[in-house]
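K.L.:
Going down the list, the protein sequences come from chains P and B.
Last residue of the first sequence: 328 (full-length UniProt numbering), numbering continuous.
Last residue of the second sequence: 467 (full-length UniProt numbering), numbering continuous.
Wrong hints could be hidden among the right ones.
[Unchecked claim] Covered, in the sense of this in silico footprint (three residues per stretch, anywhere, with C-beta under 8 Å from a C-beta of chain P), are these stretches of chain B:
| id | region |
| --- | --- |
| 1 | 49-60 |
| 2 | 184-197 |
| 3 | 393-399 |
[To be verified] Here are the simulated EDC-like cross-link-like pairs (lysine to aspartate or glutamate), alpha carbons at most 16 Å apart as the crow flies:
| id | chain 1 | residue 1 | chain 2 | residue 2 |
| --- | --- | --- | --- | --- |
| 4 | B | Lys400 | P | Asp305 |
| 5 | B | Lys400 | P | Asp174 |
| 6 | B | Lys400 | P | Glu73 |
Simulated from the structure, these hints should not be mistaken for lab results.
Built from N, CA and C at the ideal position, the CB exists for glycine as well.
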Amino acid sequence: MYCRKVGRPLLGLCGPGRSYSRAAVCRQRALWLRRSQHQALSRHNSTRSPSQSTVDPDEVKRFQSLASKWWDEQGEFAALHAMNDLRVPFIRDNLLNVHRAHHPGKPLAGLRILDVGCGGGLLTEPLGRLGANVLGIDPVENSIGTAQLHASYDPDLRDRVAYQACTLEELSADGAEEQEPVADRFDAVVASEVVEHLADLETFAFCCSHVLKPGGSLFITTINKTNLSYALGIVVAEQLLHIVPSGTHDWEKFISPVDLERLLESHGFSVQCVQGMLYNPVSGGWSWTNSTAINYALHAVKPRDSLQPDRAEESCPHPEDHAAATHS
Amino acid sequence: MRATELWSWTSHSRFARSLSHMNRGLVSAEHGDVYDVIISGGGMVGSAMACSLGMEPNLAGKKILLLEAGNKKVMDRVPEAYSTRVSSISPSSATLLSIGAWEHITEMRCKPYKRMQVWDACSDALITFDKENLQEEMAYIVENDIVVASLTKQLDSMSDNVQVEYRSKVVKYRWPRPHHMAESIPWVQVTLANGKTLQTKLLIGADGPNSMVRRELGIPTVKWNYDQSAVVAVLHLSEPTENNVAWQRFLPTGPIAMLPLSDTESSLVWSTSHQHAEELLELDEESFVDAINSAFWNNENQSELIETAGSLFRGTLSTMMPSAGSPRQLPPSVAGIGPKTRVMFPLGMGHASEYIRHRVALIGDAAHRVHPLAGQGANLGFGDVACLTQLLSQAAFNGKDLGAMQHLLEYETERQRHNLPMMVAIDLMKRLYSTNSVPVVLLRTLGLQATNMLPALKEQIIAFASK
Chain P
1 MYCRKVGRPL LGLCGPGRSY SRAAVCRQRA LWLRRSQHQA LSRHNSTRSP
51 SQSTVDPDEV KRFQSLASKW WDEQGEFAAL HAMNDLRVPF IRDNLLNVHR
101 AHHPGKPLAG LRILDVGCGG GLLTEPLGRL GANVLGIDPV ENSIGTAQLH
151 ASYDPDLRDR VAYQACTLEE LSADGAEEQE PVADRFDAVV ASEVVEHLAD
201 LETFAFCCSH VLKPGGSLFI TTINKTNLSY ALGIVVAEQL LHIVPSGTHD
251 WEKFISPVDL ERLLESHGFS VQCVQGMLYN PVSGGWSWTN STAINYALHA
301 VKPRDSLQPD RAEESCPHPE DHAAATHS
Chain B
1 MRATELWSWT SHSRFARSLS HMNRGLVSAE HGDVYDVIIS GGGMVGSAMA
51 CSLGMEPNLA GKKILLLEAG NKKVMDRVPE AYSTRVSSIS PSSATLLSIG
101 AWEHITEMRC KPYKRMQVWD ACSDALITFD KENLQEEMAY IVENDIVVAS
151 LTKQLDSMSD NVQVEYRSKV VKYRWPRPHH MAESIPWVQV TLANGKTLQT
201 KLLIGADGPN SMVRRELGIP TVKWNYDQSA VVAVLHLSEP TENNVAWQRF
251 LPTGPIAMLP LSDTESSLVW STSHQHAEEL LELDEESFVD AINSAFWNNE
301 NQSELIETAG SLFRGTLSTM MPSAGSPRQL PPSVAGIGPK TRVMFPLGMG
351 HASEYIRHRV ALIGDAAHRV HPLAGQGANL GFGDVACLTQ LLSQAAFNGK
401 DLGAMQHLLE YETERQRHNL PMMVAIDLMK RLYSTNSVPV VLLRTLGLQA
451 TNMLPALKEQ IIAFASK
């Protein structure tokens, strides 16, 4: 997507570096996929040392240098700030469908949300303000530090928002070790602008499923893998207009809604809706759109008790009432 | 579910590291309470803002504080005598106030009026406004004290949501630095005369035409003093009448208006030069009453030329549109005035070039000050309240920081678009009617007569003024 400045930081298992040719990257990806599929099939145990060796040090370094810029609304992350206008209502309304709001003024009170790849907390804070208990995780420590400092000034958020510098795998592994009860898992996992930085989505999907309560929701926003997204997101944004630093995005890592859906469904999720998003660089604002050709948002639900999920085929509630772009 | 329970999930070393980051911020934020919204100024518009925010479901649980430098205005019983300062409340302002306060107002005292007649002293031209068939009210005349007392009563009943501090004068404001992660406190800091310092995520300045908030922010303001003062008084009518018409006559020195308060009493608002205003205040009661009656009834300012031109034009128009136009009515005559009710105050125009800054918004007279000739001052303020409340409610529902620029900019744009044309129109009217010179009088006479004949145009005017 052409104006998305620097995207979300990595989350575990990124491919090793950017200088490879496309073919090499494809091969690499296939290897990773096969390897992780094997791991996913076998029992997940904590001897899979998650940690820092899987995180690309270049990416981490880049994001560390930008850590102080997260909260400048007109700066590098302006488009991400603006994206809150779409993603917060998207998350809020879909969660309200399932959990009726009991507290006026705090519609998400009582819900536990995990924000994966939270960066400086741009999405974590609004969710906290809506009453949810949010844990934001990110492998980049400086970003976590920035997020914590920003949230610490607001007494409203202090009690509800927490941050941790780790990866989803580490969090999920911790949980497995201690065999946490279902009640300690999350009502929702949010992975906004993260999935396009991962090479191993299988593990990601597995971990999400692991940390979610049955019936919990998974929200993903990411970029489609189309010619249009290559033209606008990489060529125009990175190389022509230099809106996004060159090399931020790897087109290979983009994933189409169909593939993402297939992947999630293979892990037991039921995809509720997919909706396209469009950025207007002139106004600096986002809007919902029928086409998922560039950016899109996706809502999936983990079934309760491995039976069919009880919320089948609901229409996707979002502010503008467009028909959901579909998974055919 | 508290954050500590969340943390128990994680390994302790990571927890310790993250906690040390939190502590740094925590220490600096301990200093003073942090409110979500502080409203500075508890007049009609400030109190209405506090009520309006307190009644918003999306803002439930937010900490809202109203700071008023004066005493609490309680009105257990409506006083016998009318007070001099009154406002014309439009239907949409009444709707805004129906957040509980309007019921109190109607219980106490208010006077709806159905028609307004405006005419010129220098000619025969007149224009009347009314809603169709005089069925609905055009607007209401309410004493300012009653509006404030009703809002105070309403605020008392919502003390869980909204705190009010009376006798709290603000001595200093400190503005936050815009969004860069410095080690400074990101909120607006308000220091009171009693030494307490409060912090807030959004400061709403409702502190009147000489707003301290506006001054301290250094917002450039376009303003000038009209060389006019308004004399206000409560008038006793000669005989009881179905007093549901508002009268306004444009004299060369300024407009004189009579606004109904009851069947036997009306409120006077006479805008005139400073000197004349002082003279009026000095007159004994009888002479003052004579001056008022003569101002409304006297025709000495009309010249023959204008009269002829006017009646010719009117004749032409009525052949074209025979059904339009309205008969001239004469205002009731005045017999006396209420005791000790003659007051004067200076008039001016003011408009802040910006209504907002980072974490600050101006509403009411702090943002815009107008001439009373159109009875719009209070309504513009209530319009600000309605707009800002709606935007803040939506922002809260989207989890936004209430002091963020995005929705404050929307407020500014929407209100400036509405207020500026109104203010320009009022100022133009004032200038147009401030002169005796024949060409201008001719122009305005013909213009007024033509407008009077066009019901569609009059409806537009009423709609614009009632928005």
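K.L.:
Provide an ascending list of the numbers of those earlier hints which the structure does not satisfy.
P.N.:
4, 5
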